[in-house]
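Protein chains in written order, with the working numbering: chain A, 33 to 293; chain B, 2 to 595; chain C, 33 to 280.
No lab work stands behind these hints: they were computed from the structure.
Glycine included, every Cβ here is placed at the ideal spot set by N, Cα and C.
One or more of the hints may lead you astray.
Said to hold, decoys possible - BS3-like, lysine-lysine: derived pairs with alpha carbons at most 30 Å apart:
hint, chain 1, residue 1, chain 2, residue 2
1, A, K124, B, K344
2, C, K124, C, K50
3, B, K120, B, K97
4, A, K124, B, K282
5, C, K124, A, K158
6, B, K209, B, K120
7, B, K282, B, K298
8, C, K50, A, K158
9, A, K161, C, K50
10, B, K97, B, K298
11, B, K476, B, K558
12, B, K344, C, K124
Unchecked claim - Derived, one-sided and incomplete: chain A residues facing chain C with beta-carbon distance under 10 Å:
hint, residue
13, S58
14, R61
15, H118
16, P173
17, H201
18, M209
19, R211
20, E225
21, H227
22, L237
23, G241
24, C247
25, R274
26, T275
Given next are the chains, with one letter for each unit.
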Amino acid sequence: MAQPQTMDQAAAPEAGAQQATDMTLSVFRGDATAGEEREYRVPVGPGMVVLDAVHWLQANVDSTIACRWNCKAARCGSCSADINGHPGLMCKTRLDDFVGQVVHVRPMRTFPIIKDLVTDVSWNYKVAKQIQPFTPAQPAPFVMYQRDVDRGQEFRRCIECFLCQNVCHVLREHSGMDRYFGPRFMIKIAELEMHPMDTADRVDLLAGGGGLGFCNITKCCQEVCPEHIHITDNAIIPLKERTADRYWDPIRRLFRRRRTG
Amino acid sequence: METGMDSIERFEYDVLVLGAGGAGLRAAIGAAQDGVRVAVICKSLLGKAHTVMAEGGVAAAMGNVDPADGWQTHFYDTMRSGHFINNYRTAEIFAKEAPDRVFELESWGALFDRTPEGKIMQRPFGAHTFRRLCHVGDRTGLELIRTLQYKGIHCGIDIFQEVTTTRLLKDGERVAGAIGYERESGRFLLWRAKAVVLATGGWGKVYKVTSNSWESTGDGAAIAYRADAELQDMEMVQFHPTGMVWPPGVRGILVTEGVRGEGGILVNAEGRRFMQDYDPKRMELSSRDVVARSIHKEVQAGRGTPHGGAWLDITHRGAEFIRRKLPNMYDQFLHLADIDITKTKFEVAPTIHYTMGGVRADPETCATNVPGLFAAGEVACGLHGANRLGGNSLSDLLVFGRRAGEAAREYAMGLTVLPGVDDGEVRLEQERVLRPFAVEAGENPYQLHAELQQVMGEHAGIARDGASLQAGLDKIMALQERAGRIGVSGSRMYNPGWHTALDVGNMLLLCEAIFRGALAREESRGAQWRTDHPDELEDFGRINFVEYRDGDTMRLKTYPVSPMPPELAALFASDVAPGLATAPAVGPAAGGRE
Amino acid sequence: MATPATVPAPQRAPKGWKLPWWVEPTATVVALGSFGLYSIWEVFFHTTGRFGNYLSPFFSPDVTAWGIHVIPAVWVVWVPLLFRASCYYYRKEYYRGFFADPAACARPERSRVYRGETRFPLSLNNLHRFMLYLAIVVILFLWDDTVRAFIFPNGFGVGLGSLIMLGNVILLSYYTFSCHAFRHLVGGGLDCFTCRARAVTRYGLWSRVSAWNSHHGQWAWISMFGVWATDVYIRLLISGVLHDPRLI
Ligand SMILES: Cc1cc2nc3c(=O)[nH]c(=O)nc-3n(C[C@H](O)[C@H](O)[C@H](O)COP(=O)(O)OP(=O)(O)OC[C@H]3O[C@@H](n4cnc5c(N)ncnc54)[C@H](O)[C@@H]3O)c2cc1C
Ligand code: SF4
Ligand code: SF4
Ligand code: FES
Ligand code: FES
Chain A
33 MAQPQTMDQA AAPEAGAQQA TDMTLSVFRG DATAGEEREY RVPVGPGMVV
83 LDAVHWLQAN VDSTIACRWN CKAARCGSCS ADINGHPGLM CKTRLDDFVG
133 QVVHVRPMRT FPIIKDLVTD VSWNYKVAKQ IQPFTPAQPA PFVMYQRDVD
183 RGQEFRRCIE CFLCQNVCHV LREHSGMDRY FGPRFMIKIA ELEMHPMDTA
233 DRVDLLAGGG GLGFCNITKC CQEVCPEHIH ITDNAIIPLK ERTADRYWDP
283 IRRLFRRRRT G
Chain B
2 METGMDSIER FEYDVLVLGA GGAGLRAAIG AAQDGVRVAV ICKSLLGKAH
52 TVMAEGGVAA AMGNVDPADG WQTHFYDTMR SGHFINNYRT AEIFAKEAPD
102 RVFELESWGA LFDRTPEGKI MQRPFGAHTF RRLCHVGDRT GLELIRTLQY
152 KGIHCGIDIF QEVTTTRLLK DGERVAGAIG YERESGRFLL WRAKAVVLAT
202 GGWGKVYKVT SNSWESTGDG AAIAYRADAE LQDMEMVQFH PTGMVWPPGV
252 RGILVTEGVR GEGGILVNAE GRRFMQDYDP KRMELSSRDV VARSIHKEVQ
302 AGRGTPHGGA WLDITHRGAE FIRRKLPNMY DQFLHLADID ITKTKFEVAP
352 TIHYTMGGVR ADPETCATNV PGLFAAGEVA CGLHGANRLG GNSLSDLLVF
402 GRRAGEAARE YAMGLTVLPG VDDGEVRLEQ ERVLRPFAVE AGENPYQLHA
452 ELQQVMGEHA GIARDGASLQ AGLDKIMALQ ERAGRIGVSG SRMYNPGWHT
502 ALDVGNMLLL CEAIFRGALA REESRGAQWR TDHPDELEDF GRINFVEYRD
552 GDTMRLKTYP VSPMPPELAA LFASDVAPGL ATAPAVGPAA GGRE
Chain C
33 MATPATVPAP QRAPKGWKLP WWVEPTATVV ALGSFGLYSI WEVFFHTTGR
83 FGNYLSPFFS PDVTAWGIHV IPAVWVVWVP LLFRASCYYY RKEYYRGFFA
133 DPAACARPER SRVYRGETRF PLSLNNLHRF MLYLAIVVIL FLWDDTVRAF
183 IFPNGFGVGL GSLIMLGNVI LLSYYTFSCH AFRHLVGGGL DCFTCRARAV
233 TRYGLWSRVS AWNSHHGQWA WISMFGVWAT DVYIRLLISG VLHDPRLI
């Protein structure tokens, strides 16, 4: 940044970016019934993100372009879209990643389109309701140690951008919404299941309506997560192991019966 | 009732909560008991409210790391940094109840950072005597809202997402419900309700350089004002000392106070740690008004950084520590500004952060002067006075969200019938909301928004003076004229131009209130710095300015600040915070203080 | 405000060169495919993997010593084969590479009934832990072989082959003990790491395995090529093409 001593002047082609250059943004315009991409020229300044470009269009070219956003700081998870075929947050995707290319901005593919870049993500909120909430063993304040909350804290970083739900091929390509809760809710369940104070049991839900078996651990959710949550490695696979304990491991079952019986 | 104009879908509830930030959700949870029917209405999706952006922590005097801390000290800090125009009773209730509200979050599944003894960890923050902010890295607001959200969806509350309320309906003096439209379709909705809780947050979007999300357009305060509620302390607008500066697209995005709480230091262009010239005792962790002003003065004196700010440096804490304690900051700078904060210092400058003013609310019940209307959270006024302490907002949401929700429930249970709704009023409101579509070649709403932000930045910034404020007020009045001619195109389906048109109307109203308050308060106090009246004057310390509606004009009046009872006043007898004399040596030194 | 004219704009860290989407699945198919073909040739067309005190991992444990001489490798190789076939990492790779399910993220797929791992035979992958138990037994044999690889007829010695076998067994150990099922077994299944005395030790183990586990994919590939290289080396020794240099 503005630290001349660390900057290699010669290697700073971006210095010229002080003056705006133009880029082409191709934005999906349309609604549930029909639509197509439309091209716009946008002046690009240093550090601009895709969301800035959409805002510029709204203010200067067409105030009816619909897009969802709140924080413009990658905190709220509202501005998810498919950008050049890759699911990402518009407020975190820099335009200078695409210099010399047309930037295609489309709504998330997995969810029904409402208008332009806005999709109907209400399904996610319905799924959330089906998960039994945190059920503590005793009243707070709890004595809990950092090592015991570490795992849960990783999952609670989730900003509910639903990019993982968008990219998960079970939902995206196989319309698995009636069978699988999707990665976002696998980490939700993992967080609750690994909570040291929780007494509820969601393993049967996982094996049944939650549809954990439909995930084939191909890790795309983990690849797109803007919060860098290890969705597959730290949540889904451990949950698969927990269901295997109950449904696929006769030896463990025997052990458990002996211990409880 | 369906008189041609436009169809409207109707609902009936006991308690209607406007807003799904921390305050709104906590209120809804508090209201949804004993079979009381509750609805929450929010402009964006559930869990996306502005609260999600809060970073540093939630202040509650649990004394987990500094056992000498207690409600008295928290009360003391809050009153002092509010420069004593806060409502003492509000602050007292707040300081006493905050710890329980945080524990409650834990019992609903929140996972705060822990101390080695397994308790909730607390970090130091500006102008807090002790380490007091319960936190989760630098994403405390997210933790708070997610916890309340998942608690809320299992409490039988109906949630209307992406619905904007535009007006409160009244039956005589009392509140009768609200009207709004679905952003997705533009369809009108009407809720009849016995009680309404206002929790719509602040209006930081009236400034250009702001840390606030788009929702902070002050709809709630404007709606309440139009329904005859009183707005108080509107001149008090908090500048957070550290916002991002460069590149232009990120200007204003918050750099959490946690950076300074964890040991970050501020230096000017000459490399001097300038806070020693302004507040040698508390240094970087002085109160926000002081730090923001200091940076402003450095820049004015020509000692600013290349883009007009100060350097903030945390590199001495080591990469590993920074990445663990401030992961979002690290990521934010790396991604948006190409800066690795573990390796270099970075530029910061003041940014609009919080609006202390708002709807005047009762300390015990959060009731406003309009029967049936309650207010909590950033939209309410009373707790923070002339300057909010960092971390006090999140606990404010919890403490008074709950109180507002429960009071609204009790109020609603005391009413046997739903107040009536006047269809003529509904029709007028629909007309008002749809007017921009009828204007041909009207004003561009985005243009007006940009201009009003320009005016606020120029005339109602950190440093204010009478002449400039008056000029600003005149400009705002002119913009209000033009706002009547805003025109938009397209359909009512998810139309951002139209949404902005309505927001601009609300914002202009609040801008006017800010100017009127700032003009009337001819002194410097907390966030209000009048260069033509640089001193804090005792007389002004005894009053709050209140704006209220009189037909179509805004009027100003004053209320006396209620004096503290002797036992609370006694806390301020000496210059030492309660508990500090007895505090062990490990005290707040961790933050590089005292 | 000061003018920014003297300050260069923020430097954009160059974005990693992005490969076309098909490169990764194709590479997987080529690598796994050729290893598979090689294995078939090795297993079905050879009767021994022994060269002096060296033993190829394809033939360990050495069942010929127990009197079994019919395609000896077959008796052995199914364990590592099924271990790897049910490994969470390889599952990802072959679902992507061979089944195109999905070939790469956000790529369209052919439409057909998708059952994930809910039905036979893919649901058998849930038995991965049992393959782990067997694989641990095999690892023990391999360590035994490795020790023997340093004992020549004239006593302790080090040949290039001994070192290759040592490297191989180390890689295989990393791979085996970074297994997700192992991670679950040692502590991942617990909800609380401090609530019981023994849980504290298990936390230590779990953290260690977790650290290895975050590179499980790398271990999977490197150890596979390690096995391959070891076997090729010993096969070349047996066929006399190479001569094993003695280092000590
Ligand atoms: C970057 C940042 C960091 C912060 N960090 C901290 C911190 O560390 N500690 C702290 O204590 N405070 C912090 N704050 C302040 C704090 O986050 C806010 O003051 C607080 O979240 C406000 O909460 P609220 O519930 O009052 O309103 P909000 O969270 O603003 O919620 C407002 C709600 O009202 C709804 N709404 C608005 N208008 C309408 C309408 N017309 N119709 C229907 N619904 C409507 C919105 O959709 C939203 O759901 C921070 C603020 C920012 C910007
Ligand atoms: S790993 Fe599972 S949940 Fe994640 S994207 Fe792949 S199939 Fe979906
Ligand atoms: S897990 Fe990651 S990708 Fe999925 S919703 Fe949460 S933040 Fe988004
Ligand atoms: S706008 Fe909040 S994440 Fe992009
Ligand atoms: S060996 Fe790969 S997960 Fe078990």
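A quick look at each hint next to the structure:
1. Taking the CA atoms of A/K124 and B/K344, the gap is about 22 Å. The hint holds against a cut of 30 Å.
2. The hinted pair formed by C/K124 and C/K50 meets the criterion: a straight-line CA distance of about 20 Å does not exceed 30 Å.
3. Proximity of B/K120 to B/K97 is assessed by CA-CA distance (about 19 Å); at most 30 Å being required, the pair is judged to hold.
4. Between the alpha carbons of A/K124 and B/K282 the distance comes to roughly 39 Å, so the proposed pair goes past 30 Å and is violated.
5. Restraint check: the Cα-Cα separation between C/K124 and A/K158 comes to about 29 Å, which is no more than 30 Å; the hinted pair holds.
6. Annotation: proposed proximity of B/K209 to B/K120 is violated, straight-line Cα distance about 40 Å (limit 30 Å).
7. As the CA atoms of B/K282 and B/K298 are separated by approximately 19 Å, the hinted pair is consistent with the 30 Å bound.
8. The hinted pair formed by C/K50 and A/K158 fails the criterion: a straight-line CA distance of about 37 Å is larger than 30 Å.
9. For the proposed pair A/K161 and C/K50, the alpha carbon gap of about 39 Å is over 30 Å, so the pair is violated.
10. At most 30 Å may separate the alpha-carbon atoms for a hinted pair to count; B/K97 and B/K298 exceed this at roughly 37 Å.
11. The suggested pairing of B/K476 with B/K558 holds, with an alpha-carbon distance near 23 Å, which does not exceed 30 Å.
12. Taken as a hint, the B/K344 and C/K124 pair is broken in the structure, with Cα atoms around 37 Å apart against an allowance of 30 Å.
13. Among the interface hints, the one on A/S58 is violated; its C-beta lies about 17 Å from the nearest C-beta in chain C, farther than the 10 Å criterion.
14. The restraint placing A/R61 at the interface with chain C is violated, with a minimum CB-CB distance near 21 Å, outside the 10 Å limit.
15. Taking 10 Å as the C-beta cut-off, the interface hint given for A/H118 holds, the closest approach to chain C being about 6 Å.
16. Using the Cβ-Cβ criterion of 10 Å, the hint placing A/P173 at the interface with chain C is not satisfied: the shortest such distance is roughly 16 Å.
17. The beta carbon of A/H201 comes within 4 Å of a beta carbon in chain C, closer than 10 Å, and the hint placing it at the interface holds.
18. Violation of the interface hint for A/M209 is found here, the shortest Cβ-Cβ separation to chain C being roughly 13 Å, above the 10 Å cut-off.
19. For the restraint placing A/R211 at the interface with chain C, the shortest Cβ-Cβ distance is roughly 9 Å, inside the 10 Å limit, so the hint holds.
20. Below 10 Å, beta-carbon pairs count as interface contacts, and A/E225 has one with chain C at about 7 Å; its hint therefore holds.
21. Interface hint at A/H227: satisfied, since its Cβ lies 7 Å from the closest Cβ of chain C, which is below the 10 Å cut-off.
22. A distance limit of 10 Å between C-beta atoms decides the matter here; for A/L237 the minimum to chain C is near 15 Å, and the interface restraint is violated.
23. With a least beta-carbon distance of about 12 Å to chain C, the hint placing A/G241 at the interface is violated under the 10 Å criterion.
24. At its closest, the beta carbon of A/C247 sits 6 Å from a beta carbon of chain C; the interface hint therefore holds under the 10 Å criterion.
25. For A/R274, the suggested interface contact is upheld, since its CB lies about 7 Å from the closest CB of chain C, less than 10 Å.
26. At about 8 Å, the closest approach between the beta carbon of A/T275 and any beta carbon in chain C falls short of 10 Å, and the interface hint on this residue holds.
Taken one by one, the earlier hints fail for this structure at numbers 4, 6, 8, 9, 10, 12, 13, 14, 16, 18, 22, 23, listed in ascending order.
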